[in-house]
Amino acid sequence: MTLDPEIIRLLAFLVGVIAFASFNAAYLVWLERKEAAHIQRRIGPKEVGPFGLLQPLVDGIKLMTKQLIVPAGVDPVLFKIAPILVMVPAIMSFVTIPFSETLVARNLDLGLLVISAFASVNFLGLLLGAWGSRNKYAVISAGRAFSQNVAYEIPMLVIVVTLVMVSGTMNLTEIVGLQMGGFWHWNILNLAASPLMPVAFLIFFVCMLAETNRAPFDMSEAESELVAGAFTEYSGMGFGVFFMGEYANIVIGACVATILFLGGWHSPFPDTIPFFGASSVIWFLLKMYFIIFTVIWIRWTFPRTTFYGLLNLSWKILIPISFVNLILTSAMLKVF
Amino acid sequence: MSTFAQSQANETFVLNLGPQHPATHGVLRVKLTMDGEYIVEAEPVLGYIHRMHEKMGENRTWAQFLPNTGRIDYLHALAYNHGYVSVVERAASIEVPERAEYLRVITAELNRVSSHLLWFGAFILDLGGFSPLLYAFDDREHILDLLESVTGSRLTYCYFRFGGVYNDIDDNFVTGTRAFIKRLRGRMPMYHNLVTKNIILMKRLQEVGPISAEMCRKYGATGPVCRGSGINFDVRKHEPYSVYPEFDFEVPVYEQGDSMARYMVRMDEMEQSLRIVEQALDKLPEGPVMAEKVPKILKPAKGDYYHAVETARGSFGVRVISDGSNTPYRLKLRSPTFSNLSLFGEACRGMLLPDVLALMGSLDLVIPEIDR
Numbered sequence: 001m002t003l004d005p006e007i008i009r010l011l012a013f014l015v016g017v018i019a020f021a022s023f024n025a026a027y028l029v030w031l032e033r034k035e036a037a038h039i040q041r042r043i044g045p046k047e048v049g050p051f052g053l054l055q056p057l058v059d060g061i062k063l064m065t066k067q068l069i070v071p072a073g074v075d076p077v078l079f080k081i082a083p084i085l086v087m088v089p090a091i092m093s094f095v096t097i098p099f100s101e102t103l104v105a106r107n108l109d110l111g112l113l114v115i116s117a118f119a120s121v122n123f124l125g126l127l128l129g130a131w132g133s134r135n136k137y138a139v140i141s142a143g144r145a146f147s148q149n150v151a152y153e154i155p156m157l158v159i160v161v162t163l164v165m166v167s168g169t170m171n172l173t174e175i176v177g178l179q180m181g182g183f184w185h186w187n188i189l190n191l192a193a194s195p196l197m198p199v200a201f202l203i204f205f206v207c208m209l210a211e212t213n214r215a216p217f218d219m220s221e222a223e224s225e226l227v228a229g230a231f232t233e234y235s236g237m238g239f240g241v242f243f244m245g246e247y248a249n250i251v252i253g254a255c256v257a258t259i260l261f262l263g264g265w266h267s268p269f270p271d272t273i274p275f276f277g278a279s280s281v282i283w284f285l286l287k288m289y290f291i292i293f294t295v296i297w298i299r300w301t302f303p304r305t306t307f308y309g310l311l312n313l314s315w316k317i318l319i320p321i322s323f324v325n326l327i328l329t330s331a332m333l334k335v336f
Numbered sequence: 337m338s339t340f341a342q343s344q345a346n347e348t349f350v351l352n353l354g355p356q357h358p359a360t361h362g363v364l365r366v367k368l369t370m371d372g373e374y375i376v377e378a379e380p381v382l383g384y385i386h387r388m389h390e391k392m393g394e395n396r397t398w399a400q401f402l403p404n405t406g407r408i409d410y411l412h413a414l415a416y417n418h419g420y421v422s423v424v425e426r427a428a429s430i431e432v433p434e435r436a437e438y439l440r441v442i443t444a445e446l447n448r449v450s451s452h453l454l455w456f457g458a459f460i461l462d463l464g465g466f467s468p469l470l471y472a473f474d475d476r477e478h479i480l481d482l483l484e485s486v487t488g489s490r491l492t493y494c495y496f497r498f499g500g501v502y503n504d505i506d507d508n509f510v511t512g513t514r515a516f517i518k519r520l521r522g523r524m525p526m527y528h529n530l531v532t533k534n535i536i537l538m539k540r541l542q543e544v545g546p547i548s549a550e551m552c553r554k555y556g557a558t559g560p561v562c563r564g565s566g567i568n569f570d571v572r573k574h575e576p577y578s579v580y581p582e583f584d585f586e587v588p589v590y591e592q593g594d595s596m597a598r599y600m601v602r603m604d605e606m607e608q609s610l611r612i613v614e615q616a617l618d619k620l621p622e623g624p625v626m627a628e629k630v631p632k633i634l635k636p637a638k639g640d641y642y643h644a645v646e647t648a649r650g651s652f653g654v655r656v657i658s659d660g661s662n663t664p665y666r667l668k669l670r671s672p673t674f675s676n677l678s679l680f681g682e683a684c685r686g687m688l689l690p691d692v693l694a695l696m697g698s699l700d701l702v703i704p705e706i707d708r
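If you read the protein sequences in the order shown, they are chains Y and D.
Note that my numbering gives residue 166 to position 166 of the first sequence, counting from 1, and the numbers run on in steps of one.
Note that my numbering gives residue 511 to position 175 of the second sequence, counting from 1, and the numbers run on in steps of one.
Source of the hints: derived by calculation from the structure; they are not laboratory data.
Just so you know, these numbers come straight off a predicted model, no measurement behind them.
Where hints are given, some of them may not hold.
To be verified - Only some residues are given here: those of chain D computed to face chain Y with a beta carbon under 8 Å: (1) Leu461; (2) Gly464; (3) Phe466; (4) Asp474; (5) Leu537; (6) Met538; (7) Lys539; (8) Arg540; (9) Glu543; (10) Leu689; (11) Pro690.
Claimed, not checked - Straight line, CA to CA, 30 Å or less: simulated BS3-like cross-link-like pairs of lysine-lysine: (12) Y:Lys136 to Y:Lys62; (13) Y:Lys136 to D:Lys533; (14) Y:Lys316 to D:Lys533; (15) Y:Lys80 to Y:Lys66; (16) D:Lys367 to D:Lys668; (17) D:Lys554 to Y:Lys34; (18) D:Lys632 to D:Lys573; (19) Y:Lys316 to D:Lys539; (20) D:Lys619 to D:Lys573; (21) Y:Lys136 to D:Lys539; (22) D:Lys668 to D:Lys638; (23) Y:Lys136 to Y:Lys34; (24) D:Lys518 to D:Lys573; (25) D:Lys668 to D:Lys573.
From the three backbone atoms N, C-alpha and C, an ideal C-beta is built for every residue, glycine too.
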């Protein structure tokens, strides 16, 4: 009996996606610690392996061997299911992300919609975990996370809709395909579609930070206010999975930003730069990690905003600008 | 933000901030009655590390209590040393050589800078910015090294003695201190560019946590808290002690009364302290660092004595009542942070949780000093 090659391909991708998500989640912690150390003139992890490269492994073993304490009074079902609800949608989103022209698990026509939908589910996980832990800090954190999510989904989705209008498709591979041929064809500089495109990228980036709960918008985790926010009661791998889910979400955010704005796997100078080729998965990863690097850089530079400052920023600045961009783009599309 | 309605007070809940909480910098517990994220009432609960310093003082000789003063406020220990030795010297009529007073001022002002640097880092940490803490600690480390070379310890100093100081400084200390002054002056613009001018920080501090001059007077707040509210009061200027009148320095005063004002007062104070140290090094007289003929067993004359000094957190006063024996009859410590914290409950009413923590950070609390 022979297996259908499609099934083998999907199995390979399943393993690959899970490996990629887990690897990134683990090694972004290492990157974050190293980068933070560099910014703060420290050395960072260095004892375990060369440059501390085995540190994530050791951390993982430590977290796994620790007891998963389920405190008395919590809702055990919600408490246990919440970390999984954060991690699973993140891994699911990877299924539709094209890393190169051919390297995509499922090239869905509605790929962008799938990712947008899954991006909200992880907030649900956070909410359930916080509610389930029956902790006042966690509940405050969940309230914050929820209104933050509502506030930032809107400008983010409006920007996404703008790009769908420009591209005329929700298929991520096709969106990247349209940006072929040098960085001036990328959507971030697609001034013919809308002169506000660079601003749109900035809004998308800010929303991505808020969506992934990263500083300066880490309201739901704000350690100096809410101890550890929604994760206060979590220990061991329960906490570890939350943490990994968070990093996986950053990777997703960076991937989507790369695909929508930065030309995906296309080289910025296809004719002049000889290495890596005009389109290669390496370009995709370079752009993606550059965005992640910037995200970490911002975290270790800026203080945290306040919760109401964050909502003001979204409702009073980002949403109006993104709508102006939407209207401008549709007008431009109609005229030209 | 001001649409907070008192009528919803029956929907409140109580949040225990501390005694173990990252923002309280020690074992302070604040019972917050909250309506959502609004504070209805805040009640600081004290006494978690009460060590009976005052009672201890009554049970040991005058000299034996001296090391305790360094443990009241471990961040500006030398000023607390200074307050206690000054009051005992006043009681026992001990003349202090001028060089010793200069050394006291130099080390105490360096210690003030180190205290402010630590506060700076910890305050930004409260606001969620992690990196400035390590930059500030880098600078603070230089001060600790300098002070270690002359006092022998790094944190809980006991450098001052009745009648002088225990150790003279050497040339290394002088050159090291001058080098440090140059270094910190070079780094202050970086701090201002990185932190003070940061838009997020400005939004978080400006017009947040207002404390009026009236409130400061009501609760007896001193130090940067009252100077940030427009009250020009600094013990070093207004009730001069030691050799402070001989130096030219300003008292930074800001009128706004918000967290930003208190932040700016402390940032400016660092520069003023550096100026004092610089002048003191220039004018440093020669001579002994210890008074002659200080009796081994001190028995000050009967009487009631008070002496206040300006610490990094405000006015620290020591009142001793001597009955002529070798132990104080009564010892009362007036610690500045206790008064500064007293206004917290009133100041944070109706504010939001993140702003309250910014306000608490701007008060520069050192918990062992509140509890004593």
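We went through each hint and held it up to the structure:
Hint status for leucine 461 of chain D relative to chain Y: holds, with the closest Cβ pair at about 7 Å, below 8 Å. The beta carbon of glycine 464 of chain D comes within 3 Å of a beta carbon in chain Y, closer than 8 Å, and the hint placing it at the interface holds. For phenylalanine 466 of chain D, the suggested interface contact is upheld, since its CB lies about 6 Å from the closest CB of chain Y, less than 8 Å. Checking aspartate 474 of chain D against chain Y: minimum C-beta separation of about 7 Å stays under 8 Å; hint holds.
The closest approach between the C-beta of leucine 537 of chain D and any C-beta of chain Y is roughly 5 Å, which is under the 8 Å cut-off, so the hint is satisfied. Contact between methionine 538 of chain D and chain Y, as hinted, is not supported at the beta carbon level, the nearest pair being about 10 Å apart and thus beyond 8 Å. Interface hint status for lysine 539 of chain D: upheld, as the beta-carbon distance to the closest one in chain Y is roughly 6 Å, under 8 Å. A distance limit of 8 Å between C-beta atoms decides the matter here; for arginine 540 of chain D the minimum to chain Y is near 6 Å, and the interface restraint holds.
Hint status for glutamate 543 of chain D: violated, given a least beta-carbon distance of 12 Å to chain Y, over 8 Å. The beta carbon of leucine 689 of chain D is positioned within 8 Å of a beta carbon in chain Y (closest approach about 6 Å), and the interface hint is therefore held. Hint status for proline 690 of chain D relative to chain Y: holds, with the closest Cβ pair at about 5 Å, below 8 Å. Taking the CA atoms of lysine 136 of chain Y and lysine 62 of chain Y, the gap is near 28 Å; set against the 30 Å cutoff, the hint holds.
Of the supplied pair hints, the one linking lysine 136 of chain Y and lysine 533 of chain D is violated, its CA atoms being roughly 34 Å apart against a limit of 30 Å. The suggested pairing of lysine 316 of chain Y with lysine 533 of chain D holds, with an alpha-carbon distance near 23 Å, which does not exceed 30 Å. Between lysine 80 of chain Y and lysine 66 of chain Y the CA atoms are separated by roughly 15 Å; this keeps the pair inside 30 Å, and the hint holds. Of the supplied pair hints, the one linking lysine 367 of chain D and lysine 668 of chain D holds, its CA atoms being roughly 28 Å apart against a limit of 30 Å.
For the suggested pair lysine 554 of chain D and lysine 34 of chain Y, the alpha carbons sit about 49 Å apart, so the restraint of at most 30 Å is broken. For a cut-off of 30 Å, the pair hint linking lysine 632 of chain D to lysine 573 of chain D is broken: about 33 Å separates their Cα positions. Annotation: proposed proximity of lysine 316 of chain Y to lysine 539 of chain D holds, straight-line Cα distance about 15 Å (limit 30 Å). Proposed proximity of lysine 619 of chain D and lysine 573 of chain D is supported: the alpha carbons are some 19 Å apart, at most 30 Å.
Distance restraint check for lysine 136 of chain Y and lysine 539 of chain D: the Cα-Cα separation of roughly 27 Å lies within the 30 Å cut-off, and the hinted pair is therefore satisfied. Among the hinted pairs, lysine 668 of chain D with lysine 638 of chain D is consistent with the structure: their alpha-carbon atoms are about 16 Å apart, no more than 30 Å. Simply put, lysine 136 of chain Y and lysine 34 of chain Y have alpha-carbon atoms about 33 Å apart, too far for the 30 Å limit, and the pair is violated. With a C-alpha separation of about 25 Å, the suggested pair lysine 518 of chain D and lysine 573 of chain D falls inside the 30 Å cut-off, and the hint holds.
About 23 Å separates the Cα atoms of lysine 668 of chain D and lysine 573 of chain D, which keeps this hinted pair within 30 Å; it holds.
In the structure shown, a violation is registered for the earlier hints numbered 6, 9, 13, 17, 18, 23, in ascending order.
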